[in-house]
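K.L.:
Sequence:
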Amino acid sequence: MPFLETADGRAYYRHWAAPEPRAAVVFLHGFGEHTGLYHRFGFSLNSASIDLWAVDQFGHGLTPGDRGDFRSLEASGALAEQLTELALTECPGIPLVAQGHSFGAVATLFRLLALPDRYGAGVISGAPLVPVPGLVDADSTFEIAPSQLSADPFYLDAMENDPLAFVDADGGPLARELDRGWDSFGATLPSLAVPTLAVHGSNDPIAPVGAVRAYAEQIETLSLIEITGGGHDILNDVTHQRVAADIIDFIAAHLGD
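Under UniProt numbering, the first residue of the sequence shown is numbered 1, with each subsequent residue one higher.
Keep in mind that the hints are not guaranteed to be accurate.
Claimed, not checked - Across the chosen pairs, the derived CB separations fall in these ranges:
| hint | residue 1 | residue 2 | range |
| --- | --- | --- | --- |
| 1 | Ser49 | Glu226 | 37 to 45 angstroms |
| 2 | Glu226 | Ala193 | 32 to 40 angstroms |
| 3 | Ala214 | Phe43 | 17 to 25 angstroms |
| 4 | Gln218 | Asp66 | 32 to 40 angstroms |
| 5 | Thr89 | Ser147 | 37 to 45 angstroms |
| 6 | Glu74 | Gly229 | 32 to 40 angstroms |
| 7 | Arg180 | Leu62 | 21 to 29 angstroms |
| 8 | Pro205 | Thr89 | 35 to 43 angstroms |
| 9 | Asp162 | Phe3 | 17 to 25 angstroms |
| 10 | Arg180 | Gln218 | 31 to 39 angstroms |
| 11 | Gly210 | Gly93 | 34 to 42 angstroms |
| 12 | Phe166 | Ala114 | 28 to 36 angstroms |
| 13 | Arg213 | Ile144 | 30 to 38 angstroms |
No wet-lab data here; the hints were simulated from the structure.
Built from N, CA and C at the ideal position, the CB exists for glycine as well.
With these hints in hand, go ahead and build the complete structure from the sequences.
P.N.:
Following this line, the structure appears as structure tokens:
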């Protein structure tokens, strides 16, 4: 099984490989998820000759750690950097895209802001750019219903029955790290230099689309595709094929293909 070796332990990763990739996506998942939930997205990217590299973050999937505890935005960024190095080792010089969902979107934005020359494009989904009710202090206990995430039967079954997926855990560590993003985004996001696509469900109950829409109206490099009726886990909702196609079109447009 493939693992990244880190100072904090081994982190499991997956690589969906296209035969002759024209780009590579480095992906960070969200709270309660793991990489195995994204095989449909990986296959969609592969069909467009795009590689997908994704890692089970700390406290998730097959990577050790306290349930739901990502540790820090920096820890997530370090995992993404190791995946990036693997992608470049596999295909030197390949165009790179940084992508993240939910908490992974916040970590991805931190990375794009800090390293504007590392990636040719960015993609975020379900991005909580303003405080989330129930995740405003270290005493938070975060619990959500699977039906809030998606209407897709396959995904709902996975969230209910997959032993590596969960919808409840101590929300304190998550709240602590999200709060760092919320404290900084007002000042830092307007400086986003990397072309970035936000894909967001209009009915996202966890990260309402209004905040993303407002930022997209102000920031030239941030564009928004709003999926009517979509929930929080828009990459795994009933419109997942359309969402994947939108992301593929964006990557092609911004990486010169």
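K.L.:
Are the hints correct? Go through all of them and say.
P.N.:
To see whether the hints hold, each was checked on the structure:
1. A hinted range of 37 to 45 angstroms for the beta carbons of Ser49 and Glu226 is inconsistent with their spacing of about 27 angstroms.
2. A hinted range of 32 to 40 angstroms is violated for the C-beta pair Glu226 and Ala193, which are about 23 angstroms apart.
3. Remark: the range hint 17 to 25 angstroms for Ala214 to Phe43 is contradicted by a beta-carbon distance near 34 angstroms.
4. Judged by the Cβ atoms, the range 32 to 40 angstroms given for Gln218 and Asp66 holds: they are separated by roughly 37 angstroms.
5. Taken as a hint, the range 37 to 45 angstroms holds for the pair Thr89 and Ser147, whose Cβ atoms sit roughly 41 angstroms apart.
6. Checking the proposed 32 to 40 angstroms range against Glu74 and Gly229 shows it holds: the Cβ atoms sit about 36 angstroms from each other.
7. Taking the beta carbon of each, Arg180 and Leu62 are about 27 angstroms apart, inside 21 to 29 angstroms as hinted.
8. A hinted range of 35 to 43 angstroms holds for the C-beta pair Pro205 and Thr89, which are about 40 angstroms apart.
9. Remark: the range hint 17 to 25 angstroms for Asp162 to Phe3 is upheld by a beta-carbon distance near 20 angstroms.
10. At roughly 21 angstroms, the beta carbons of Arg180 and Gln218 sit outside the given window of 31 to 39 angstroms.
11. Take Gly210 and Gly93: their Cβ atoms lie about 40 angstroms apart, and the range 34 to 42 angstroms holds.
12. Look at Phe166 against Ala114: about 30 angstroms separates their beta carbons, and that is inside 28 to 36 angstroms.
13. For the hinted restraint 30 to 38 angstroms between Arg213 and Ile144, the CB-CB distance of approximately 22 angstroms leaves it violated.
The earlier numbered hints that this structure contradicts are 1, 2, 3, 10 and 13.
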